[in-house]
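Student: The residues making up each chain are set out below.
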Amino acid sequence: MTANALVAELEKTTAIAMASGKPLAERLRMIADQVRELSPEFTDAVEAFVAKLARAEAGGQAPQVGEAMPNFVLPDQHARLVALDALLREGPAVIAFLRGHWCPYCRLATKAVVGIEPEARQLGASFIAITPDRRPFTSTFQKETGAGFPVLTDTDNGYALSLGLAVFLGEELIAALKDIGFDLAPSQGSNAWTLPIPATFVLDRDGVIVARHVDPDYRRRIEAEDVLAAISKAAQAAP
Amino acid sequence: MEMQQVRYFLALSRELNFTRAAESCNVTQPALTRAIQALEAEWGGRLFHRERSQTHLSELGRMMLPYMQSIQAQTEAARMRAKSAGRMKNVELKICAMCTLSPALLGDFIVGFQRANAGVDLNVTDGGAKQIMHQLSAGEREIGVLGYPGEIDDRFHALPLFQERFVAVLPTHHRLANQRDIRITDLENEPYVNRINCEMGDYAGQEFARHGVSVRVVFRSERDDWVLGMIRSGMGWGFFPESYAFPSDVAVRPLVEPNFTRTVSLVTVRGRPHSPAVGAFVKAARSFSWSSAPALRAVA
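These protein sequence lines map, in sequence, to chains A and B.
Each residue of the first sequence is one higher than the one before, counting from 99 in the working numbering.
Each residue of the second sequence is one higher than the one before, counting from -6 in the working numbering.
It should be emphasised that the hints constitute simulated quantities derived from the structure, not laboratory data.
Some hints could be false.
[Said to hold, decoys possible] Anything over 12 angstroms on all C-beta distances counts as not near chain B; from chain A, calculated:
1) Val105
2) Lys110
3) Thr111
4) Ala130
5) Lys150
6) Glu155
7) Asp174
8) Ile214
9) Gly246
10) Gly287
11) Ile307
12) His311
13) Leu326
[As the list claims (entries may be wrong)] If you want the footprint, here are the derived chain A segments under chain B, 3+ residues with CB under 8 angstroms:
14) 163 to 171
15) 175 to 184
16) 233 to 240
17) 252 to 258
18) 261 to 269
[Claimed, not checked] Pairwise CB distance ranges (calculated):
19) B/Glu69 to A/Glu139: 37 to 47 angstroms
20) B/Arg263 to A/Ser330: 44 to 54 angstroms
21) B/Ala131 to A/Ser330: 52 to 62 angstroms
Positions of the beta carbon are idealized from the N, C-alpha and C atoms, including for glycine.
Could you build all of it, start to finish, from the sequences and the hints given here?
Tutor: Structure representation (C-alpha cells):
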C-alpha cells in the first residue's frame, strides 16, 4: 500500500469514528486498530517509542494537580495573542496540548471536547488548544474539528518544553512516519520532529490545576465527560 | 525532555568537558551526567562519545544540536513574553526590508503582526541588501528582511522565511514572449534592461558568463517602475523575482537551465540582546505560513 493510500484510508476511518457516537476511547481504538492493520511495522515503531517514553518517565515533570499553571502568551490562528492570565479572569480554563492538525487522535479527542463546549461555557469555562503547528494549519485544525475555541501556535514547542512536555520522536519513528506519508516539517516550519506529549489541564479561575491527563501513549486521551466533571468542580469552588 | 536536560546538553556540547559543563550550569557533575543519560535514553542513542579526556558530539548529538538551540531560544522567548505581556507599550521596532521584495508579500504579515501587537510601533524602510546589513550592524535597524545569493556572513543570524524564483519579463511582442519558458542561452545578446538594486545581479551575471551568454545592457535604473516602463516600450528584457506585481501588458516567463531562486530571511545581528518586540516579530514570522502566497515555496 502506498503512503498516500494509507493516509486516505486513515482519513476515512477517522470520519467513520467521528460519526459513530461511540465513547472516545473506542473511537481512538478504531484508529489504532486500523493503523495496526495497514502497517504493522509502523505500529511496532510506535510501541517501541511509547515504551521508551514510559521508561524515561517522559511528562513526569509536568505540573501536577494542585500546582499553578505557568502563564503563556501565544498567537492564535489569526495571529492574535492569547494570554492565560487574561483568560482566567473569565472563569475556569481547559488547556489541551495537541500534536497537530495531521493527527487523527487529536482530531477525535478535540471533536469530543467540542461536544461538551456549550455546557462548559455555561459554567463560564474557556478552552484553548496548543499545537506546534503554524498558521494556517491551526485554522485547518479548528475548522475540521468545529472548535469554537482558539488553536494556538507554540513555535518549536517552547512552552511545552518549559513544562517538560516536549518529546523528540527518535530516528526510528521519524523514518516510520515518513514511510506512511507524514511529514511534520511543512506545518511546524522546522525539521526538529519534536511534539508535545498530548496533555489536558483543567484549571480553576486561580490557574490552579484541578484535573490533568498526561499520557506518553498518544493514543489514549481524557474522556470529555471527565473534563466536564472537573470543570463543574472548578466552577463550584469559585467564590 | 526537560528544560534542564536541554540546558545541560547545550552546555556540554559547548564545553565538550563534563566538569566544565557542570560548573557553567552550577550543578554537580553526576547530576549533569544523569541528565545527559536520561536524554540519551529518551532519544535512543548516545549524544556524546567519551574517549579518555576527550568528549565529542555523536552524530545524533550533532543532528539534535541546532534544534535544541532553537527550542531553548523559543522557551526563553515564551517565558519573556509571558512576563512582559501587556507591558509592550509604544515600543518602536525598526525594520528594513529589501527594496526588491514585493510589498504585497510582507503586507499581510505586517498587518497581522500590528493587530496582534498594538503596543509596537513599526517603522519600516527599504534598502539594498548591503545597505541593510550595514544598518543592522550599526544598530540603526533591529531586523532586516532580505534575500541574498550564497551564505550570509557570520555576524548575522538568518531565519529563512520562503523561497522564490526569478523570471524573465519581456515586451509582449518580443520573439521569446510566446515561449513556455526561457533558457538563459536563448537570451544571448538580447537587449537587457538592468535593475541596479537587484541583489542577484553579480551572481546572475556570473551564471550567464559561465554559460557563455553575453548580456547587452541597454538601460539601467534603480527604479523598478522605470525598468518595467522600458520593457513595456520594447527596449529589452528584464530579470525580476516571481512575486513582483507585474502589469498585465508585459510577458512573464520562467527562467530555466539554470533556475534562479532566492531565499528570503529575517536577519538579526548574532549575539545581540533583543527587545521583546524583536522576539515577538521573529516568533510571529516563524508561525506565519509564507508559502501560502502563490509564487512562494516553503523553505526545505
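Student: Which numbered conditions among the earlier hints are violated in the structure presented, ordered from lowest to highest?
Tutor: The structure breaks hints 5, 6, 7, 10; every other hint is satisfied.
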